[in-house]
Amino acid sequence: AQKITQTQPGMFVQEKEAVTLDCTYDTSDQSYGLFWYKQPSSGEMIFLIYQGSYDEQNATEGRYSLNFQKARKSANLVISASQLGDSAMYFCAMREVYNQGGKLIFGQGTELSVKP
Amino acid sequence: GAVVSQHPSWVICKSGTSVKIECRSLDFQATTMFWYRQFPKQSLMLMATSNEGSKATYEQGVEKDKFLINHASLTLSTLTVTSAHPEDSSFYICSAREHTSPHEQYFGPGTRLTVT
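The listed protein sequences derive, respectively, from chains A and B.
Residue numbering for the first sequence follows the numbering used here, beginning at 11 and increasing consecutively.
Residue numbering for the second sequence follows the numbering used here, beginning at 6 and increasing consecutively.
Don't read these hints as lab results, they were simulated from the structure.
The beta carbon of each residue, even a glycine, is placed where N, CA and C say it ideally should be.
Hints should not be assumed to be uniformly reliable.
[Said to hold, decoys possible] Partner residues aside, some chain A positions facing chain B, computed with beta carbon under 10 Å:
id	residue
1	Q16
2	R105
3	L114
4	I115
[What the hints assert, rightly or not] Take a look, some chain B residues computed to stay more than 10 Å from chain A by CB distance:
id	residue
5	C18
6	S20
7	G21
8	V24
9	R29
10	D32
11	K60
12	V67
13	L79
14	P91
15	D93
Throw the hints in and build the complete structure from the sequences for me.
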């Protein structure tokens with residue numbers, strides 16, 4: 011069964027610095043997708059970035075990049091130049107492409123606090 | 006991007022009553038919708054996968070007779086919490102997949118249910 015693990019319940023970062031949020035996964039499938047979502051206190055889930063298992067290059071979206079290490083089964087999110095508005099919960103998620111309609115399985119989440 | 010709405014955004018009900026939550030895809034057709042619940046400071050737990058015109062697939066441990074899901078059209082799925090109890094108080098989030106955008110699920114803003 012697929013599993014997503016985020017081992018950092020909480021993280022602090024100074025404004026304008028970079029931060030890495032860890033995510034490891036486990037799956038027996040060869041084809042899968044990895045996602046990162048941001049959830050501010052309002053509760054909405056904001057899609058940040060996607061990495062496919064066959065993508066050779068790490069995904070990037072503005073200040074977000076995904077450090078994909080397939081052999082280690084890790085998909086860490088890097089946020090560059092942190093802003094106060096980045097303070098939120100961050101969830102890593104995985105979808106096995108051919109399994110059960112594409113449902114997402116989420117990690118436990120990391121609460122990021124950006125300090126001024 | 007695609008928009009998913011939920012209604013109501015919050016609801017308070019008395020123990021023993023039923024509550025219906027609607028999830029609508031506003032500008033796309035969603036053949037598959039997902040329902041999640043989230044307790045404070047915890048991750049999203051998938052409750053069920055709903056496909057238009059067919060019965061929902063429930064995750065292990067979710068009572069299908071208590072959480073009734075109907076996906077009657079390509080733009081609407083409903084979750085009815087029957088005979089609600091205080092332990093059903095939670096944040097319920099729906100998401101929808103658009104077949105032309107296989108990498109993303111679009112999340113609704115969530116519904117906060119409080120059972121007194």
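**Asked** Hint by hint, which ones does this structure get wrong, listed from lowest number up?
**Response** none
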